[in-house]
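Protein chains in written order, with our numbering: chain A, 1 to 363; chain B, 364 to 685.
Don't take each hint at face value.
Claimed, not checked - Computed list of lysine-lysine pairs in DSS-like fashion (alpha-carbon distance at most 30 Å, straight line):
no. : chain 1 : residue 1 : chain 2 : residue 2
1   : A       : Lys66     : A       : Lys128
2   : A       : Lys77     : B       : Lys434
3   : B       : Lys423    : B       : Lys434
4   : A       : Lys315    : B       : Lys551
5   : A       : Lys108    : A       : Lys315
6   : A       : Lys16     : A       : Lys6
7   : A       : Lys6      : A       : Lys315
8   : A       : Lys268    : A       : Lys6
9   : A       : Lys315    : A       : Lys57
10  : B       : Lys522    : A       : Lys315
11  : A       : Lys57     : B       : Lys522
To be verified - Below, a sample of chain A positions facing chain B; criterion: calculated Cβ distance under 8 Å:
no. : residue
12  : Ser295
13  : Pro306
14  : Glu324
If you're looking for bench data, these hints aren't it; they were derived computationally from the structure. Think of the CB as a built atom: it goes at the ideal place given N, C-alpha and C, for glycine as much as any other residue.
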Amino acid sequence: MEGTRKRVTESFFKHKLGVFGLVVLAILYLIIIFADFIAPYNYTTTHRNFVYAAPSKIRFRDLEGKWRGPYICEMTKARDPITYEVIFTEDLNTVVPVKFFVRGEEYKFLGIWTTNLHLFGVEESPDKAMLLLFGADRFGRDLFSRIVVGGRVSMTVGLLGTFLSVFIGAIIGSLSGYYGGRIDILIQRFIELLRSFPRIPLWLALAVIVPPNWPSTWVYFGIVTVLSLIGWMGVARVMRGLVLSLKEKEFVLAAKVMGVSDMKIIRKHLIPNTLSYLIVVSTLSIPGMILGESSISFLGLGIKEPMTSWGLLLKQAQSLSELESHPWLMIPGIFIMIAVLSFNFVGDALRDAVDPYRTVEKL
Amino acid sequence: MWAFIIRRILIMIPMMILASIICFVIIELQPGDFVSQYLDNPRISPEQIRLLREQLALDKPAITRYFMWVKGIVTKGDFGYSFAYQRPVGDLIWERMGWTVIIALVTIALQWVLAVPMGIYSALHPYSPGDYVMTFTGFLGISIPDFFFALILMFFMLKMGSTSVGGLFSTQFIGAPWTWAKFLDLLKHLWMPLVVVGVSGLAGLMRVMRGNMLDIIGSPFITSLRAYGLDEKTVRRHAIKNALNPMVSIAGSELPNVFSGTIITAIVLNLPTMGPFFYNALLNHDQYLVMAFLMFIALITQIGNLLADIALALLDPRIRMS
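So here's chain A without its partners, still in its complex pose:
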């Protein structure tokens, strides 16, 4: 076992893109764990003076060319007298330094103790100057803070959904493979039936079932359930194939002869022996889940306010006029892409390491 582990880790770390993906994912998860601390503002606080403000310009030298460290300027909002378009003008004489570890809005760090320390930000009141790395949205909420907090939903939905679908899939798949016969035919037909509906329409139709008047947390778990209801079928098929070949092995026959119960054989012998494949299947299915959640939320059938996710954030950028005048609203999409890409890299590397003969794909 020790040797196998060493071979697998070595082979994984040889895969450059996989390691890269792993590093990116580690960073993303650190960010979402400490989201409140990293976000300079509360993600729900609205700021009237900064509605649709563009990303802040960070300057280093003042008007006289003197080095001032990173700073931003105070902003004033005015309207164009003819078109009534909102215009933001920077007051170039003001200097609002950007600092690390500043005091800002209060929040509960990791949900345990209350603090107002933020990783970075400006000390000026948010009426006059705001540090908006990615600009602000329709209500003057800081998009960077919203992305950081929204990542909590986007990055966990895939994990939870996969966990649930692997759990269901592993049980049903191993029952199907282990018992064979009529149960197997029944389960296989059922899976085939469900697979005759393509994913996206089924996802959307199921997402509508989640009642809109539920609280956001419930909706979140509702969406996780919807995603995993469709995801388990692939896992079940792989699992069935693996169990079919495993159940003829001597150690399983021995257990059977000794009178070990079927459930115990599945639990103690079959599932542990397929664990490495299950890990590969789950890593490969996470990207699809993340994309699924963001598509559902993008269409307004998923996560709802005040909770937010990258897909829901991107929904604001849907109209042509928004795209043209506030292109920074598209930034959440880049995060979806980075997350999905990293999971794909890691999944690919993991498959090459754990499953060099591509058993999973062929099943």
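Dock chain B against the given chain A, drawing on the hints supplied.
Chain B only, in chain A's frame:
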């Protein structure tokens, strides 16, 4: 062979019946119905709502409505009545079928024409710069959400000064008779959905083709062909032919996949296909429309799988024998 085909067709009947039950149950589980949107409207009296429910047969128990629906389909080919459009669902779907099928078929054709040679190239030159570039682009293609890709393309088109982004025609050509100019205008709009829908599938196909090809190249039969002294070109031809076989089973599910893949893109790009239509029907609780659409996709999938199985059996004698 005929017995096999007939058996496969017969299996489709119970499958479609079960599919209809699943569709119906999913719709029934959704909270609210078409009439519930009027409940909060003080201008509509409770009597009117009751009357509307009666007219739309929404007051009957679910089982009765299910059998009414199935009876309509079997006896009259009537898939129900759209509450929102006040027209038969079959007609509505049929009207939007044209563009949906055209976009789907052109996308599939482009995907295959590009993906197969790309996969073959990357398998024949593994770990070469070309292979890396294609693999990386492939990963990008799988990872970019289609709606985000559509938004980016729209953004760049707007920045480049294009005035009519989205849709299939510029305003002046909508409803106009077909002319050369209209056709050119169509092409100017059509490339966007093709690229957006095509790219994600392209990447997947290319990866599968590359995998198949690598498997075949590593197999003993290629070695034996070389041992016979056949030239590389002939060997390659045999390899490609065998690597293409498993692709047939993918081809069977291509049409429904692309159909459903276009849904979100079509909503973003505002295309006159079935996607936005299905989405609106879902939001409006226009239940027969939603069910008919789901049934339609399920049927296409079943037919696609059937055709793929038949084609595979024709191509591969090993499958035919068992």
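Hints versus structure:
| no. | hint | result |
| --- | --- | --- |
| 1 | A:Lys66 x A:Lys128 | holds (23 Å) |
| 2 | A:Lys77 x B:Lys434 | violated (64 Å) |
| 3 | B:Lys423 x B:Lys434 | holds (15 Å) |
| 4 | A:Lys315 x B:Lys551 | holds (26 Å) |
| 5 | A:Lys108 x A:Lys315 | holds (28 Å) |
| 6 | A:Lys16 x A:Lys6 | holds (17 Å) |
| 7 | A:Lys6 x A:Lys315 | violated (45 Å) |
| 8 | A:Lys268 x A:Lys6 | holds (24 Å) |
| 9 | A:Lys315 x A:Lys57 | holds (25 Å) |
| 10 | B:Lys522 x A:Lys315 | holds (20 Å) |
| 11 | A:Lys57 x B:Lys522 | holds (21 Å) |
| 12 | Ser295 | holds (6 Å) |
| 13 | Pro306 | violated (21 Å) |
| 14 | Glu324 | holds (5 Å) |
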